[in-house]
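Protein chains in written order, with my numbering: chain A, 4 to 163; chain B, 4 to 133; chain C, 508 to 1104; chain D, 5 to 596.
FYI, nobody ran anything at the bench for these hints, they're computed from the structure. None of these values were measured; they are calculated from a predicted model. Among the hints, erroneous ones may be present.
What the hints assert, rightly or not - Derived list of chain C stretches under chain D, where covered just means 3 residues or more per stretch with a C-beta under 8 angstroms from a C-beta of chain D:
#1 806 to 820
#2 961 to 967
#3 973 to 985
#4 989 to 1002
The beta-carbon is built from N, C-alpha and C at its ideal position, and this holds for glycine as well.
Single-letter residue listing:
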Amino acid sequence: MSTIKIELRNEDVAKIKEICTSFKNDPQELINVLHSCQEHFGYLPAEVQEVVSGELGVPVAKVYGVVTFYSFFTMTPKGKHPISICLGTACYVRGAEKVLDEFKKELGLNVGQVTKDNKFSLSSLRCVGACGLAPVVLVGEKTYGRVAPDDVRNILKEYE
Amino acid sequence: MSQIKSLADLKKKREELRTGLINAIESKNQVQVKVAMATCGIASGAKPIKEFFSEQLEKRNIPAVVTQTGCMGYCYAEPTVEVKLPDQDPVVYGFVDLKRADQIIEKYIKTGELVDGIIPVNYLTIDSKE
Amino acid sequence: MSKYSIHLLVCGGTSCHSAESDVVVCNLRDEIEAKGLSDKVQVITTGCFGFCGKGPIVKVMPDNIIYVQVKPEDAQTIVEEHVVKGRKVERLLYRDPKSNEIIGDSKHMSVFKKQLRIVLRNCGVINPENIDEYIARDGYQALGKALTEMKPEQVIKVVKDSGQRGRGGAGFPTGLKWEIASKNKADQKYVVCNADEGDPGAFMDRSVLEGDPHSVLEAMAICGYSIGASEGLIYVRAEYPMAIHRLKIAINQAHEYGLLGKDILGTGFNFDITLRYGAGAFVCGEETALIHSMEGLRGEPTIKPPFPAQSGYLGKPTNVNNVETFAAIPVIILKGAEWFSKIGTEKSKGTKVFALAGKINNVGLIEVPMGTTLREIIFQIGGGIRNGKKFKAVQTGGPSGGCLTEKHLDMPIDFDNLIAAGSMMGSGGMIVMDEDNCMVSVAKFFLDFTVDESCGKCAPCRIGNKRLHELLARICDGKGIPEDLDRLRNMSQVIKDTSLCGLGQSSPNPVLSTLDNFMNEYEAHVKDKKCPAGECKNLMEYVINAENCVGCTACARVCPVNAISGQRKEVHHIDPAICIKCGACKEKCKFDAIFIR
Amino acid sequence: METIKLTIDNKEVEVPNGTTIQKAAKKLGIDIPILCYMELKDMNIENKPGGCRICVVEVQKRRNLAPSCSTNCEEGMVVLTHTPRVLNARRTVMEFILSDHPKDCLVCAKSGNCELQSMAHRLGIRDIPGQEYAAMSTYRKDFSPSIIRDLDKCIMCRRCETMCNTVQTVGALSAVNRGFMAAVAPAFEQNLEFSTCTYCGQCVAVCPTGALTEVNHVPNVLRALADPTKTVIVQTAPAVRAALGEMFGMKPGTLVTGKMVTALRSLGFDYIFDTDFAADLTIMEEGTELLDRLNRHLKGDKTARMPILTSCCPGWVNFFEEYFPDLKEVPSTAKSPQQMFGAIAKTYFADKIKVDRKDLVVVSIMPCLAKKYECQREEFSTEGNRDVDFSISTRELGEFIKQANIDLNNLQEGEFDDPLGESTGAGVIFGTTGGVIEAAVRTAYELQTGKKLERLDFTELRGFEGVRSATIDFNGLPINIGIAHGLGNARKLLDDVRSGKSQFHAIEVMACPGGCIGGGGQPLHHGDSEIIKARAAAIYAEDKSKPIRKSHENPFIIKLYKEFLGKPNSEKAHHLLHTKYFDKKKKIIVKQ
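In isolation and in its complexed conformation, chain A is listed as follows (with noise of 0.2 angstroms):
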């Protein structure tokens, strides 16, 4: 468990409000306001879950159960570049295990952390439909495709 307490300020509050409204407060829209809600936010901290279980009237350990249901869902604060490997099977079969384990080489970061700077994250993802141009690794909205291990290096100086 890591939770990491935040201050929510009042706009934050009003917005999640706003964006619970807008699905009309519906307990079944929950996942589409969560979704909203970490477009927004960027993560889900506890207390925006909080918000949500009272604005849509369900317990908030339903909410942090369907949070961690979901793996498109998390708890922690992304880096400014956040990268993700696919690790979909034309990925896999094409090496992207070793993509993988270079950048956490590079990176000192295993998958699911943040660099101290705030600056990388690093996650894995079951395929993001590009096949034909496996193994793939965004970084952010960029897509690199064909990438090598030894492209990582070359790849991270991008945003250096």
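Fit chains B, C and D to the given chain A structure using the hints.
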């Protein structure tokens, strides 16, 4: 856009669109360029290719319609672009980078001369007669 | 326009390339230059023709003549005979394998037309963000026909008669599913489109949503009409922003035209579609899990019955079909059941879209009639194995499927054959593996996925798959014992037999199918402690071949752990106990003296 | 009703449509093992996730094995429950479950009472293949005032989640995480203390393993007993005597009141008192309050809020403080019997025996885990000295008695001590759902009408339906009474109160299904609701056997008012026997 109120309306609309679309292109003698812009196409750099075609064709005074389309299926050859010259069968080019895009305009579109990177069409459609 | 009157198209696909198609190109050009025809004839390299078994391929335009298995020395003949004299080179023409007839005109060569695009009919053809282009290509005509000319039960009958089976994996007959949903009485029913394509390496549904979103909307409305539902929901992966974007545009445009909403085409039929986003849970491809997810809950499956057709979304009768299933519906309605049922095999009708990926030349999205063989897909459409390596296996059906081998290559692909072979259709991912892929590692990779994606509700899937993965990892690490193979099989069978939902029931398939087809590789791991494919690090040993070693010391200097000993100008030795298998020595050695054992 | 014929293990059986294979088999005397499934019959409580897969059977023509707990019988079905395939699957799945379960059975709080342990024994598991390298899912432990959570032992049966959500609607627990790390936990996997938990303990009551257990306060009690400077007195709640015997092999529903008193005396308590006495006192205070509000209400006094809600149950108090803080003026202000007892013991009784309250240790034996929390509430102590020092559950007492080498079966019947040990039948029935309000009616009727009750058994108030109502004729004045047991049922009544729809004059709520007899601190019922019913029958039997069955006739109660409190609801009574409630709606608190 106005509502389509009946099947007859829909059929009429289809016919209008068919003739309208074809006429628009044929009458102006336009070149039709379609850029495959599904996720993998975009990830491979289809966006700047589409922009390049739009800008350059205009700049070079070639009447053309540049549109996006979905996945053509040739993921290994992304970005892929289909070019249809007036009165001719469309030709699909793969591995289109800016250099090749320029070649396509200068050679294929301007003179009809084929350029490297053609992808042979390898499927039947629902309208094919076998 | 063109100054050239003749084009010679030479296949530059990887497979032809490795058969010296590049030399063919050079020779053709030289020949043309020599004949002074450079301003009349142009030689062009193209992408793969999908005819790799007969490469290199040369196509002469505008005559539309195809030459196969062209050798570099044939260039002269082609230029002299065909280009100069206008005579076909008989011996290089392609002969129909059945009739042995020479087929000259490539338009008649069925071998080039392995694919038939029904689902993908508009993908890559229309602008998916413009409804007009869809309508111009018969879009929404099927909906119009259904609403005005057919009764709901007639629609269902057409779908039933077409023989279409659900493309999501299990292959349940679509028409039957609709019929069950239509017969359950309720004040509200729902049509759900399962667009939670989760198989790693599969991107069929994404391509359809991105390339032809209206086909899905139209089909959902048709389904709604036939089962008596006025609401549709599309459960789409949040990882597909482009698909979501285009779906939103499509829904808006359909609304503006009145093709969704109230009183569609003046028939009094109402139908609306909303989007629900997945959030990264593979298990939500299972329909009960998907429904719970749409209700804002954890996507845990529940025991069937009750089936969604009885009690689904919000407890109401719900019909769930996947994207590809829906996308074919408008064509079936317009062209009729008979037309559709002529395509495919006896029990699997129509076409199937596959996402072809892995160690294959033409990674791509293909659509073939059911009954096409793996060989046709891999070696013709797919252009064969990359880098001229040897084909080893193809994984179909994603993590729930199995690995098929050489012996399955000529099996016609349909739902039943794949299951009989220990795999499944799944959603249509097809990952090709070559000799460098260790099958134990592949099984481990898929289990890694399942362990990650198990919802955790039932014990065999939650814990059993973890244990399977652990055991596979031990085998890859060289810690396996022969008895482990029996345990693997027993655990796999029990997990399959006892798991709650389709995920657990199929998760051991990669293990079972590799045990069946690649037992020798498993045995090599546990008995000889060797990984034949050379993928398992702990089972590799770097060894110096005394005959080649000159004692240059380069390897010893580059070794990061000082595992290499030996005097200058004497044969060196690698201490396997110290070696970390980084491969630096092998890379450095100029004398090919280091090999992997 | 439509019936279905099928064969199980080659025997034919006919069952109503909708019957599961498991139940149909039971009819034939075939006992298919079940683990995660749990049902409390007639209480509308069922946990049916189909998750453990222990109960799988072979159904002909099905590809996979079917979970018998959640597969309905179908016409012509052919079921086999012990083929080699089934037995192998059951054993392998059990090995899976055990491979992710700690092996500290010898020292586990649930040892001997653990359903997983029994199942392993029943299936004859002798070995867990690969356990030497099997990774385990491990979690942080949580010690709350009442409940200990050790999720390493969670087997994802989901019973606690069902109790906490579907039955109690407390929503403190949810399935969290996915796959191998899935478990049932509070939000953010925080301690229960920071959740909406009411400490009703129903999660503990149904947990098949040692994942959820009570906080053990026996060592504190032992220390007090060993301290020569302390006078240690004990009070025992009514539901305890109806269940304690089960821990010593007695039939459910065996009353052990006298043996229990003897056992407590042997354990070294200085005075053995009865919470039933305090229950009678509660009726005096709460009944008076009810009549006062009722009469003001009848006169048209708008400040007199109807209905009055009982307040004896600490789980229930926690519940409305969390979920209905806006209604916190509605329940009776009367303290629970446990706390009334403590307040009287540390004032009236301490004075009587001339012991300083700091040297008087009050221990309560309760069927309840929320009582552990209740006695720690700040408002129930004076200068840091609690009115009730320690609360231990029926289970803890049973263990304590065993540790002291006392054989409960062979004890003489003892008698409670005076003056806080004398009680009426009305006090006894506090232990079961409907009992508090029945006791209140017996007294309120006579006080209101001035007439003697002809009939003391208000059977219309008894039973196990989740929400019950009855109208009692107070000599021409109809009094509408509502009863709910289980917090989910209570919520329904509360929602009506909130929206102004409620027509009741008085409502009794008990947090646990069945009332205190089904409390979170009772011997485990393992999903058998007959046990709970037998306890209720025992309680009513004890009531019937009492010479005095109306609280206001308890001579020691009369004496207490005369000597010490004055009148019910007097200022002194208010000071000692009444409390107030707080808005405990959880604010956004996140503690590292």
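Problem set entry | Within 8 angstroms of chain D's CB atoms, at least three CB atoms from the stretch 989 to 1002 of chain C: coverage verdict | Held - the stretch 989 to 1002 of chain C has 4 residues with a Cβ nearer than 8 angstroms to chain D, which meets the minimum of three.
Exercise. Counting residues of the stretch 973 to 985 of chain C that have a beta-carbon nearer than 8 angstroms to any beta-carbon of chain D, does the count reach 3?
Worked result: holds (count 5)
Problem set entry | Within 8 angstroms of chain D's CB atoms, at least three CB atoms from the stretch 806 to 820 of chain C: coverage verdict | holds (count 4)
Problem set entry | Outcome, coverage of the stretch 961 to 967 of chain C by chain D - at least 3 residues whose beta-carbon is closer than 8 angstroms to one in that chain | Holds, because 7 residues of the stretch 961 to 967 of chain C bring their Cβ atoms closer than 8 angstroms to Cβ atoms of chain D.
Against the hints set out earlier in the document, no violation occurs for any number.
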